[in-house]
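> Got chain A sorted already, so can you dock chain B onto it with the hints?
The residues making up each chain are set out below.
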Amino acid sequence: MKIETKGKSRFAGKTTGVLSFVDMKKPGNKVIYWAMFVLMVTVALVCVLPPLYILISSFKTTRELMQIPIQIFPEEWSIDKFVKIWNNLDFGTYYLNTFKIIIGSILFSILSNGLAGYVISCLKPRGSALYATLILWTMLLPSTLSFVASFQNMVDMPITHWNLTNTYWPMWFSSGANAFQILLYKNFFDSIPRALVEAATLDGAGKAKIFTKIILPLSVPIISVDAIFTMTGCWGDFMFPYLILTDNKKKTVMLAIYNMSIGQKYSIDEQLVGIVFSIVPPIILFFFLQKYIMGGLTLGGVKE
Amino acid sequence: MNAWVFLIPSVFLLLLMVWEPLVSTTRMSFYETRGFDTVEFIGLENYKNVVTNSGFLKTLKNTALYVFWSLVIGYLFPYVVAVMVNEMVHAKSAFRFFCYFPVMVPGMAASLMWKFLFEPGENGILNAIRVFLGFEPSQWLQNPDLVIPLIVITMTWRGFGGTMLIYLASLQGISQELYEAASIDGAGFFQKIRYIQFPEMKSLLLLMLIRQIIGVFQVMQEPLAMTAGGPNNASMTLMLNSYNYAFTYFQVGRAMAVGTITFLILVVFTVIYQVVSRKVEE
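Residue numbers (my numbering), protein chains in the order written: chain A, 208 to 511; chain B, 12 to 293.
Chain A extracted, bound-state conformation:
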């Protein structure tokens, strides 16, 4: 579409919304449009200013944070404090631990949810339709309500009686038991044209070959979406790791900042730096992968 360069011509490129290019020529509609624009700027500010203020405040000393009237900006912009707190509190370990959970979780999600979606959608063995219905119900049922019992299974696994506290297996397991992801994969595989598979079968390709040569290369987008979702999910996960990981050497970033917030051991400026450490990685991820992240959401958001 060509966009003219003169005057208010940007509206010529308007392809969505109630107001069309022609409508925008009426002054009344212009007022409505710009009123909405101002409202949207306000909304955007409300979204960004709180974390931004936290970032600015994390540079302040405890004295500056306590002083009345408050100063918006710190007296000194020094990152020495960040380095010091990073080292003192051993945030490197917390980051590493969280990454271990993320890597394992992505593998578990692909191998468990991905394969399940593939079987339900493409292979369809006898009885798999029933399994698909079961998955749908599992997703709809509020299963977080049984977190105490899930925790119990991790402390004392059925049959084997393993105690998985202070290991990362429980978090990996729960990433592999995600009904929502199974349906996401299923919907994706449903959209692969059957003709592709049939043609390959006619050419004499076996099931394994079809999987590695056709299905897998086509699955790169859905696996990326799964990986990104699992990554951000695991990074922010709190309740389950909080119950499982009691050893300080094993804890994640979220547990670290929660522990800093309770009790009197850490000063407010240290807590703020901790919060900043926990927010920065997902935000960086968002800057680079925003298309995937916002696109992936609507991929599975409406259709269930």
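These aren't lab readings, by the way, just hints derived from the structure by calculation.
Please read all numbers here as calculations on a predicted model, not as lab measurements.
SDA-like, lysine to any residue: derived pairs with alpha carbons at most 25 Å apart:
hint, chain 1, residue 1, chain 2, residue 2
1, B, K103, A, T222
2, A, K221, A, V238
3, A, K233, A, V248
4, B, K126, A, F266
5, A, K233, B, M95
Only some residues are given here: those of chain A computed to face chain B with a beta carbon under 8 Å:
hint, residue
6, I239
7, M243
8, S485
Cβ-Cβ distance ranges computed for the label pairs, FRET-style:
hint, chain 1, residue 1, chain 2, residue 2, range
9, A, G470, B, S104, 37 to 47 Å
10, B, E133, A, K472, 21 to 31 Å
11, A, K472, B, F261, 21 to 31 Å
12, A, F387, B, N60, 27 to 37 Å
Glycine included, each C-beta is placed from N, C-alpha and C at the ideal position.
Chain B alone, transformed into the frame defined by chain A:
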């Protein structure tokens, strides 16, 4: 090779993490427990004990209040924002980006961030703004009447971007010809929103309504991080109550009873959701 082999990981993990725990929650709610071991079948004793506890009704009411406020504050908001973003020509993708930005802030970090902003002293930023505008400083989360709406505001802040994108995707699927036809008939902006756009969105709005009720009913982490259920249990929720039974008082049977009660309430909504979503697909 039978295709069921590939389902083994999924069946095993769902059994271990979801299905068995659901059954076990119900089963253990009928038992006296010591630690995580069942001692003796005691019928409805746990339920009786939990329900007659002086705090239970208040907790149930609180949880309903969370849902109520989340509907008042956060239900139409993402829809209205989506409608506005859909109209934008200028900075449209920037608005999408900014609205989704809070979703990327981890839940725990967002709660602790807001706890800092809601600092009740005059050194808190929000109180500084109030004083600047000529108001008295507020107690914020320390005020039992304000605590639930405030926690709901922080939840809305973090969550609306995701819902907004779902609405936006649906809005973009509406054919422009419908609007053009209405324009020719002389319909103005608000008339087109009301009579053309809204009917197209009605079923999705209903679906999201039930989804939100189910989601907010399970609220636990936000009050845990921001108020620990206080002041004086004013922000206590059913799930946080269940957590406390299990991990503060070590009465697992009672924790399971609270879990089961909450589950039963939500199953009703889940069935409604199923019926509605089927109708929507037709």
